[in-house]
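Since the structure of chain P is provided, determine the placement of chains R, B and A on it from the hints.
Note that the protein sequences, when read in sequence, are chains P, R, B and A. Read in numbering that gives the first Met the number 0, the first sequence has 104 at position 105, and its numbers run on one by one without any break. Read in numbering that gives the first Met the number 0, the second sequence has 120 at position 121, and its numbers run on one by one without any break. Read in numbering that gives the first Met the number 0, the third sequence has 155 at position 156, and its numbers run on one by one without any break. Read in numbering that gives the first Met the number 0, the fourth sequence has 110 at position 111, and its numbers run on one by one without any break.
Hints listed in this document are in silico derivations from the structure and should not be mistaken for laboratory results. Glycine included, each C-beta is placed from N, C-alpha and C at the ideal position. Any given hint could turn out to be false.
Straight-line C-alpha distance at most 27 Å; calculated DSSO-like pairs for lysine-lysine [to be verified]: (1) Lys-233(A) x Lys-3(R); (2) Lys-162(P) x Lys-5(A); (3) Lys-141(R) x Lys-49(A); (4) Lys-51(A) x Lys-141(R); (5) Lys-49(A) x Lys-84(R); (6) Lys-55(A) x Lys-141(R); (7) Lys-299(A) x Lys-51(A).
Here are some, though not all, of the chain B residues that point toward chain A, as calculated from beta-carbon distances under 10 Å [unchecked claim]: (8) Val-18; (9) Ala-44; (10) Glu-47; (11) Ser-60; (12) Thr-64; (13) Arg-67; (14) Leu-68; (15) Pro-74; (16) Phe-103; (17) Trp-122.
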Amino acid sequence: MPGTLTDIINYVIQTALGVVGLDYARVPEMLRIGAAMLIACGAMLGYVAVVALFFGWAERRVAGRIQARQGPNIVGPFGLLQLIADAIKILVKEDIIPQTAHRFLFRLAPILVFMGAFAPFVVLPFSETLVVSNLSLGVYYALSFAALEVVGVIMAGWASNNKWSLYGGMRLAAQMMSYEIPMGLAVLTVAVLSGHLNLRTIVLDQQGYWIFSWNVFRGFPWAFLAMFVFYLAGLAGSKRTPFDLPEAESEIVAGYHTEYSGMRFVIFYLSEYATMYVVSALTAVLFLGGWHGPIPHVLAWDGQVHWEAGPVLSALIGMVNMIGKSFFLMFVMLWFRWTYPRVRVDQIVYLCMKVLVPLGIICLMGASAWALVW
Amino acid sequence: MEAKDICEILMRHLPDAVREFCIDTADPYLVIEPTCISDVAAFLKNHPDLQFDMLQLITGVDRCQSFEVVYHLTSLRFGHSVTLKAMILHDRPRIASIADIYPAADWHERETYDLLGIVFAGHPDLRRILLPDDWEGHPLRKDYVAPESYHGISNAPQ
Amino acid sequence: MSNQVSAFIGYWKTAWRAVVSSTLGLGVTLKHLFSRPVTVEYPKALPEVPEGWRGWHAYESDRCTMCRLCEQVCPVQCIRLEVEGKGRERKLVRYEINYGLCLFCNLCAEVCPTACLWMTADWDLACYRRTDCTIRFHETDPNEQRQRLWPGMKELPARAPKKPREAAPAEKAQTP
Amino acid sequence: MVQSLKTDEILVNMGPQHPSTHGVLRCLLKTDGEWVREVWPYIGYLHRCKEKIAEKVSYIQFMPYTDRLDYLASANNNLGWAMAVERLTSIEVPERAVWLRVLAAELNRIASHLLSYGTFGMEAGAFTPFFYGFRERETIVSIFDQLCGARLTYHYARIGGVMRDLSPETAKAIRRFLDEMDRRWVEYNTLLSDNEIFVRRTANVGVIPADLAIAYGLTGPVLRGSGVAHDIRKAAPYACYPKLDFKVCVGEGLKGTVGDCWDRYWVRMLEIRESVKICRQILDGLPEGPYQAKVPRILKVLANEAYVRTEAPRGELGFYIISDGTDKPWRCRIRAPSFCNLSILNRIARNCLVADVIMILGSIDVVMGEVDR
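Pulled out of the complex, with its shape left as it was, chain P reads as follows (with noise of 0.2 Å):
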């Protein structure tokens, strides 16, 4: 059986060129691998497009309909095609940078920030084998690369050379800092719950009795409260209501993203919506047992596997659990916005020292403590 989504483009490929009469093997390893890997990043940036538009469109239907209005309805059924009409508009759009801004480091900063939003998907899993890259370090490389986006945030204030974009830039920057603490926590108390650090095995770990073996109630009371710190700090990291500081419309008109327009603008907007469904995807992984289903497609409730669903169809309902599991907590981000109020920039950093971080260790010590016992 294939393992990551990398084996089985390269089997496909070889079947495909097998067909034909080619040797696929007779390509040196590196090409293959790059092939591959170009290949699956390519569907995964189709996908974040996808997503990104979906949720483009879900926001603004979600937002009018919970403030009693239509919301997009033109444009396609339910007005699904909104968001395409808007992406040309903005195509069209003239790029402006301001005269006395950095126009190097402007240029850079969405960049960046759409790399820091993007590298995490490489190793989201979204079945057993649906996975480009199976990292045993996954966690980490999601958490290292989410780091960068900080870098570009900072840049896009600081090169912007106006004062909000600056004020921004800083606020996102101190957010983002304080808040990859208790992320962190609450990776740790997964990560001692399972022992790995690999995604694909944390998530196979879930395996079993329905949803009970998932990590949120496997591990009660811990890896609840982590998960509810690693969903909060996450909401912050992606810098959503009520933690959306860094662009606070009415304190400091836009933030950081004050002097973009047009394509640039749209990169900002599209990792927000990249890094939102990184941390809703991450949340389902570590904590929601990833492409475990409610009705598991490897049934198992004595130790034994008494039936488990074919490879392609497995990796179908594996992947239809994940994308669900993920859309949901992506929704529920969008409630969240259209609710609550922001918090203050003291408020954000004492949510996160003083609730969060205590939380998050008495989480790890708690799991580790089970973890001594089990």
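Only chains R, B and A this time, still in chain P's reference frame:
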């Protein structure tokens, strides 16, 4: 307390300050010596039976030959109000500021200065407030003529 | 010591309040998520405008006595009236209202002794050029003018739907 | 280490184009990082010199101009101007007209406070309250559609009466709205007033002690939020208010100190409820009779002067008119509550965070049309 009683108290304590007590208008008013305005304001504010703690309004009125500066004071404690008027010369529109007694006077005096050109001596920050700093003239004066244009923006009716 | 204890209790109280109030708030928005929107889609569904709306003027030159009261009462002088001749020979040569200035205060309609000027329920007042804001009621057909400027606009009623002077007896008192 | 870091105070322009400066207010902030050391408000971007206009148009013609002072509460402005002119001319206003004016003013007060609720929520970062506030405000606006035919600049009260009588259908619509409002009010509080994040943002922020509030001439919910029970409707009753039963709401420091932003906000919320009560009483006790007194078409006012004050949603709205025997005032001075309320900004918004400045500004609830006149 009626305006008459307030006038009596004021006359008893500051006999030189009150010039006239006028009751033939809908709201009676006291005409006071412009030089005494600070004393009168401080007295009205601090007298235990009066306690005019709130300044509602400062108005400048262009009477062509002179300016009137009108002060509306009220007491939240007792619920009574008083109107003070000070007549000043048109050529030398100058009166003491009461911003140190009533902080509310700060912006009112600035506005009166801005729109009528009455100078409040001792005001901490007497600048134009509603009009731009480089505006010429004081629009609420009766002899004011609106400029044709301002920084190239035409003022002509369409 | 007691300070620390109360701070500790306060911390947990706040945490509890935060959790409870946040959950209740989510309930409110969730309820709205599944209830009907209250807005209408403008070009498809037009707002219902009640009778007596202060929109466009309607003007009937037949009934007009050219008394110029509307011109005098207008706070912004947006009504322009030109009359030629004298006595019985008087003829209206110009009657125009500049909607760029109009306050829609209804004073002109109230003051009109023959109720030949009144305000209608037409509310769609946008136009593209400033010069288009002036409607010339003396010209052939104001309806046509408006149709040209605002395609798809409703036809104005030919006569006043209700004569304000008869409908509001108390207003009679206003005329000396 | 920390001392050796070089930091600078920077000056930041907030406005005149800024999402939460309520139109065109410009604030100059002296900031030290996130801390704001001082705030200087600069006003006048919407200045139209209404007081000069008043000298150029007649008493009757100035009425529509008062709509444009505090454009969120034009019925209250109309009421103030009408009362001021009537005071000078001794026109007897029919009883029904008095009640109808108060009805319009109280409905307008609800509308104005609803908008304030919405924008204050928005400034705190919550978007949804804005739409809920506007939803109910829209109902009021539709009621005004029926009442006077306009949605924002009502021009409803006239000198000597009101423009139109209240029709039974409109009365029914108002009653329906008042019942709806009672239900929504609870929902508003669940969504925003009691939300812990919101409370933490507003409680103990921008505290105005009572004596400072009085010294700066603050009025309306801003003064009452500081615990001073001063309401002109009670202190110097006018129109039909003596016959109505309502309460003066004051800030009690429920969530923090008396006089903080939350208190000012809460006073507005309570006033919505009181106004609903007043509107019900008016609908129940509306006297019959004419709604417009006989007023000459050219209204000449003998030389006289009067200062008439009313309680507008934002505080004491005063018209000081000096007449000279013609049909135009010699001098008209408008005491705009927002103008006086805004003057305290520099005093209280010191050594607070950038986010606090926004909340303080929002809780003062200025309307620039009135500040700049």
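Verification of the hints:
{"no.": "1", "hint": "Lys-233(A) x Lys-3(R)", "result": "holds, 23 Å"}
{"no.": "2", "hint": "Lys-162(P) x Lys-5(A)", "result": "holds, 18 Å"}
{"no.": "3", "hint": "Lys-141(R) x Lys-49(A)", "result": "holds, 15 Å"}
{"no.": "4", "hint": "Lys-51(A) x Lys-141(R)", "result": "holds, 9 Å"}
{"no.": "5", "hint": "Lys-49(A) x Lys-84(R)", "result": "holds, 23 Å"}
{"no.": "6", "hint": "Lys-55(A) x Lys-141(R)", "result": "holds, 11 Å"}
{"no.": "7", "hint": "Lys-299(A) x Lys-51(A)", "result": "holds, 19 Å"}
{"no.": "8", "hint": "Val-18", "result": "holds, 8 Å"}
{"no.": "9", "hint": "Ala-44", "result": "violated, 14 Å"}
{"no.": "10", "hint": "Glu-47", "result": "holds, 8 Å"}
{"no.": "11", "hint": "Ser-60", "result": "violated, 23 Å"}
{"no.": "12", "hint": "Thr-64", "result": "violated, 15 Å"}
{"no.": "13", "hint": "Arg-67", "result": "violated, 13 Å"}
{"no.": "14", "hint": "Leu-68", "result": "holds, 8 Å"}
{"no.": "15", "hint": "Pro-74", "result": "holds, 4 Å"}
{"no.": "16", "hint": "Phe-103", "result": "holds, 6 Å"}
{"no.": "17", "hint": "Trp-122", "result": "holds, 9 Å"}
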